[in-house]
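Trainee: Each chain is listed here by its residues.
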Amino acid sequence: MISLFGMGRLRSRRIVLAVTIIAILSLVGFSAGCAKKKEKFPSKAVTFIVPMSPGGGVDTMSRGIASYVQKYLGQPLVVENVPGPGSVNAIAQVMKAPKDGYTIMAVTTPIMISIHLYEKQMALAKPFMESWKPIFAFLTGDGNGLAVRKGTFKDINALVAEAKKRTLKVGGATGFGSSDHATLLQFADAYGGSYDYIPHGGGGEAMASLLGGKIDALMISLSGDAVDLSRVDILGVSIADRFEGYPNIPTFKELGHPELTLNWAVGAYAPPDVPDDVVKTLETAFDKAFHDPDFQKWAKQAKKPIGTGWNAKQWGDFLKGYEASALKILPKMQAEMQKAQSGK
Amino acid sequence: MNWVQGLFMAISPVSIFAVFLGVFVGIIIGVIPGIGAGVGLTLLLPFLMNQPALIGLALLLGLWAADGYGASISSILINVPGGSGAVATCFDGYPMARQGKAGQAIGLSMGASLIGGLFGTAVLMFLAPPMAEFAIKIGPAEYTLLGLTGLTMVGGLSGDDPIKGVVSAAVGLMLSFVGYDLTTGFIRYSFGQKYLYGGIEFGLAMIGLFAISSLVESTQEEEEDAGYRVRVKDSTIKGLLATVKYPGAVLRGSLVGTVLGAFPGIGIGVSSMMSYSIEQKVSKHPETFGNGAPEGVIGPEAANNAVQPAALIPALALGIPGSSTAAIFMGALMMYGLKPGMDLFKTSSALVWALFWSIVVASFMYVIVGLAFGNFFASITGVPIEYLIPATILVSFVGAFAMDGQSTAWLVVIVLGFIGFMMRAHKYPMGPAVLGMVLGDLIERNFNRALLISDHSYKIFFSGAINWVLWIILVLSIFGPLAWSTVKKLFLGGGKVGAKPAA
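First to last, the sequence lines map onto chains A and B. Per the working numbering, the first sequence runs over residues 1 to 344. Per the working numbering, the second sequence runs over residues 1 to 503.
Hints are not guaranteed to be accurate.
Claimed, not checked - Think about it this way: if two alpha-carbon atoms lie no more than 30 Å apart in a straight line, the pair counts; the simulated DSBU-like pairs of lysine-lysine are:
| id | chain 1 | residue 1 | chain 2 | residue 2 |
| --- | --- | --- | --- | --- |
| 1 | B | Lys137 | A | Lys339 |
| 2 | B | Lys346 | A | Lys303 |
| 3 | A | Lys44 | A | Lys297 |
| 4 | A | Lys120 | B | Lys137 |
| 5 | A | Lys300 | B | Lys346 |
| 6 | A | Lys320 | A | Lys120 |
Bear in mind the hints are in silico, worked out from the structure with no lab data behind them.
Isolated chain A (complex conformation) (with noise of 0.2 Å):
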């Protein structure tokens, strides 16, 4: 092809060229191939799987703190996106990996009812809570809050009062089985009244329909998506205090009901087998980048409700206390998916 643009002449210089490039590579082929040898971890960079595709809400988390993590852990920290529903491409992804802490996964807490929810289709993820390793939970002040079109509903107990009248259409960004679709349930069993969940294709769509009339409210998470308060209100959000990118939005706790505080936290998991002491410099890492005050400052500007953190601990018996309580409107939420399947 080369000769074909009339750069022949060329060619004896690209051939030296392309020799050098060779050479290149396999002196670092093999300084990776040494590196197998007992060092100290991390020798080479360190891949983040993101169960969803680039830009989304956890994915823009993820990227922000992984460009300050690598800071701390002396490698690159690489986030390789590899969606799915449920994250079980991603999970099968990390399972295939030598299990040395060089391959790890941002795990989103929904996976604790899709488990449940999808049995069948999530079998590889069944061990995730005896086995997984938790490393450090980066977005921990997130919920979903409940968004009525401006002036439709004064305040919390009016939607409640006009549901227990009629059935409310509620819409969310996602499918069931999703933190929106959850904490609609969870809404429903504390306040009472009677609501139906349309899922949507994504929180844009799921905004649209809202605004245009054709659901009644909208569940909706503050970090996923860019809210415009001009035009909706959030009549409560499942956090345990207010966020202070958006004070005026009150929480379900200070308006009567604690139960209803369901965050929706993002944090980094390592799989099975990973040898302790590297789950602790992967968390110490994550540790020091979160509070680092560039990460702060940048987490402050994009709005994202990112809390306190939660080191590995924290982030293992938030999920376990996750799945306890999805566990409690797993019946309900099976019901309802039956009912939408069979078209009744």
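Given the coordinates of chain A, work out where chain B should sit on it, guided by the hints.
Mentor: Structure of chain B alone, referenced to chain A:
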């Protein structure tokens, strides 16, 4: 005068340099199949955090705008779509290239992209608030009907065998149904394979069904055909200037792209395919489509470049991102402290105007960069196709892997490539399959959602004026041609029409 101030901000050297960088990266990202503007924006965003708002956002807008143009280059030259919006460009762009008109095709794509982009930007500048208000009136019922109207275009894309066209469309629809169904939580046609739970991505399906199948088919060509060296006859600049000869196609494409692009539920793939179908439907010579009709390049290219500014309409006016790329851009806006919402237009500060002007600058910029490299790109078609095939296959597979980082993607590409090859070998038209695949997801998702909202009452499809208008268009596009010829026969006298010599 904020708009003048904004213009001067946008043409300041630093800002122009930022746009140039964005355009340069954008064209490269566009050319490479499998990665699009979304990936580019995501990767660049962290580096732009500490830059001034105008610099960072102008760079991102430049990248995003140029991606749409860049994607058409690989469609035209190697028949592998560079992005979801560029599939329709393959249909006529590649045949043009094989006829030695690669330069003209790239030039036409450039001209159409430029005008489409400027048209969309003009609407974004002056009509965004009312457009946004209209866009949110379109709900699940309306999207369903819109999708069904689109499906009626299959007839035009089918060539001389309508049955094969319907079968081809059905293949596309079936592919779009694979995987997790959002509204029921049901997983269909996955054969127990984890990889298929998430469905088959449109871009990936196109690499297999469309690109690989055509590569395999080209090996069937006669020996001398395969080794035939196409003489590149014309230059990109001629093509660019020739765009003005097709004002109808440019305008229709821009309009379709702008209107559909402003609807948050419709993707770039739908917009460009609809534009292609419309061009063929209104053409006086529909049989030239698929054999290198210039309108077949212009329509979809004008549309897919109008989509970018149009997607900013709901994103900026209402805070509703219509695509993942728009969502990332909104994230960038918020990072710089700009809040999406109607206030952005009401106050319309100089900065907001400067952003709009940056898209205009970017549009001219990719024409300039395109002119500089266009003829060089076009010269690739001078290489006999048999030497191009190995590299093209490699590019297709790398693109497939880049799409979701899993090697299982190759299996999907191979299987779909085989299906596509069998379809081509038996003379099935590929257009309907592409249309079926982009519309299947839109129709199914919205149909189910409409019924969930209406408690399974079909009345929702008949409520509101927009629905009725769509029903009329739908009925007209099915029975219109038939009714028209009957009316002509009955009232105008069949003899008179027949007496005129065929044009």
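Trainee: Please verify whether Lys44(A) and Lys297(A) have alpha carbons no more than 30 Å apart.
Mentor: holds (28 Å)
Trainee: Mind checking the alpha carbons of Lys346(B) and Lys303(A) for me, to see if they're no more than 30 Å apart?
Mentor: Holds, because 24 Å separates the two Cα atoms, which is no more than 30 Å.
Trainee: Taken at face value, is the distance from the CA of Lys339(A) to the CA of Lys137(B) at most 30 Å?
Mentor: OK: Lys137(B) and Lys339(A) at ~28 Å, within 30 Å.
Trainee: For a C-alpha distance cap of 30 Å, please report whether Lys120(A) and Lys137(B) respect it.
Mentor: With a Cα-Cα distance of about 40 Å, the restraint between Lys120(A) and Lys137(B) is violated, given a limit of 30 Å.
Trainee: CA of Lys320(A) to CA of Lys120(A), is that 30 Å or under?
Mentor: Holds: Lys320(A) and Lys120(A) sit about 21 Å apart, inside 30 Å.
Trainee: Measure nothing beyond the straight line between the CA atoms of Lys300(A) and Lys346(B); if it is 30 Å or shorter, mark the hint as holding.
Mentor: Roughly 26 Å separates the two Cα atoms, so the pair holds.
Against the hints set out earlier in the document, a violation occurs for number 4 only.
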